[in-house]
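Residue numbers (the working numbering): 16 to 380.
For the record, the hints were derived by calculation from the structure and aren't laboratory data. Check the hints yourself; a few may be wrong.
When the alpha-carbon atoms are kept at most 30 angstroms apart in a straight line, the in silico DSS-like pairs for lysine-lysine are as follows [unchecked claim]: (1) K205 - K85; (2) K66 - K86; (3) K93 - K68.
Label pairs and their calculated CB-CB ranges [said to hold, decoys possible]: (4) D99 - P228: 22 to 32 angstroms; (5) D307 - N121: 16 to 26 angstroms; (6) L291 - D65: 44 to 54 angstroms; (7) D287 - R329: 42 to 52 angstroms; (8) Y204 - E248: 26 to 36 angstroms; (9) F223 - I354: 43 to 53 angstroms; (10) D65 - H108: 33 to 43 angstroms.
Please read these numbers as outputs of a predicted model, since none were measured by experiment. Glycine is no exception: its CB is placed at the ideal position from the N, C-alpha and C atoms.
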Amino acid sequence: MDNREVLIWLASIEGINNRIIEILENKFEQMSYVWYADAKEILMLSEINDKIKNQIIKHRNNLYYESLLKKIYSSNVKVITYYDDDYPSKLLHINGYPKVLYLKGNLLPEDHISIAIVGSRKSTAYGRLVAEKISSELSQLGVTLVSGMAKGIDTQVHQSALNNNTRTIAVLGSGVDVVYPSSNRELYYKIQENGCVISEFPLGTQPFSYNFPQRNRIISGLSLGVVVIEATEKSGSLITAHHATEQGRDVFAVPGNINSLYSRGTNLLIKDGAKLVMSVEDIIDEVPELNDKYLKTNNKKERLDYSQFSDAERNVIECLIENPIHCDLISYRTGIGIIELNGILTILEMKGIIRQLPGRVYAIM
Numbered sequence: 016m017d018n019r020e021v022l023i024w025l026a027s028i029e030g031i032n033n034r035i036i037e038i039l040e041n042k043f044e045q046m047s048y049v050w051y052a053d054a055k056e057i058l059m060l061s062e063i064n065d066k067i068k069n070q071i072i073k074h075r076n077n078l079y080y081e082s083l084l085k086k087i088y089s090s091n092v093k094v095i096t097y098y099d100d101d102y103p104s105k106l107l108h109i110n111g112y113p114k115v116l117y118l119k120g121n122l123l124p125e126d127h128i129s130i131a132i133v134g135s136r137k138s139t140a141y142g143r144l145v146a147e148k149i150s151s152e153l154s155q156l157g158v159t160l161v162s163g164m165a166k167g168i169d170t171q172v173h174q175s176a177l178n179n180n181t182r183t184i185a186v187l188g189s190g191v192d193v194v195y196p197s198s199n200r201e202l203y204y205k206i207q208e209n210g211c212v213i214s215e216f217p218l219g220t221q222p223f224s225y226n227f228p229q230r231n232r233i234i235s236g237l238s239l240g241v242v243v244i245e246a247t248e249k250s251g252s253l254i255t256a257h258h259a260t261e262q263g264r265d266v267f268a269v270p271g272n273i274n275s276l277y278s279r280g281t282n283l284l285i286k287d288g289a290k291l292v293m294s295v296e297d298i299i300d301e302v303p304e305l306n307d308k309y310l311k312t313n314n315k316k317e318r319l320d321y322s323q324f325s326d327a328e329r330n331v332i333e334c335l336i337e338n339p340i341h342c343d344l345i346s347y348r349t350g351i352g353i354i355e356l357n358g359i360l361t362i363l364e365m366k367g368i369i370r371q372l373p374g375r376v377y378a379i380m
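Please put together the full structure from these sequences, using the hints given.
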């Protein structure tokens, strides 16, 4: 068992959390030593309670580990540890970053340009309208949207990203194999097709209320900034905003009616220094990475005379404006069959509009 394998095994044991893992890391020179250490060494760890120590010893066997791997593979779940190259780099720089992540779907390098948008479960029509507007405009810029897949604002954010064929990430307060709320089952699967659902909680973990404040640090940690659409004074969205501040992320809030309970939290955030959002430009102007992306996208669009292209060609070009994309993803986002798409790509290459990169990836010239 190497360090990574032992970490995956440890994280699956009931009662094991980041604090326990850090204690074990400090005690043993290598994480793998936890698997091979004498039981007496484990039992002597005064910082860990007896129940947890006995759990570690009890589950330290190949049968349990093989059963765990079987469950992971059969659930079509990918496990990423902080030892792995594809662990999200922004997360590594937050306090208490999760040692292990479970995900369904995929994380891509382009997800580095991401914004979290969160808000009340019991949202108003005003809140949903604003969430749809801001989410759609950021999506059209090619920004990955991060939220928590809760009812209300979160659902609107994910749906707006999908409607614009843009990537979205849902951070869950349960295991990634547990759909919560159940009313979002269809959304849960659609997100996996163009993004991922992700969690630090082991498979099978139920959505206990105390999980959500903990997961909120991941929502903010994965993002360049956090936008709060609506929030009561005790909303979990304010916890996400607090994490964002601690992590050095920009915090944005949408103002609302002073008589509305659901704008009380956002108005207080603005009073305390959050950046007021009246349009998507207010977000773009404050986040350098978004500003750069916005300028590059606009410059590319300005250089192109769209009148010379067919509708299908324009759809392909729009798909490639922000980032180089694999031909299969172009087909998925545009709805153009792969045979027809190959012909369009060839024509656009001949016109000097796009170029092919290694691995059937295409980019604007």
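Against the structure, the hints come out as follows:
1. K205 - K85: holds, 25 angstroms
2. K66 - K86: The hint holds at about 24 angstroms.
3. K93 - K68: holds, 27 angstroms
4. D99 - P228: 22 to 32 angstroms: holds, 26 angstroms
5. D307 - N121: 16 to 26 angstroms: This hint holds: roughly 24 angstroms between Cβ atoms.
6. L291 - D65: 44 to 54 angstroms: Because 52 angstroms falls inside the window, the suggested range holds.
7. D287 - R329: 42 to 52 angstroms: holds, 45 angstroms
8. Y204 - E248: 26 to 36 angstroms: holds, 34 angstroms
9. F223 - I354: 43 to 53 angstroms: holds, 49 angstroms
10. D65 - H108: 33 to 43 angstroms: holds, 35 angstroms
Taken one by one, the earlier hints all hold for this structure without exception.
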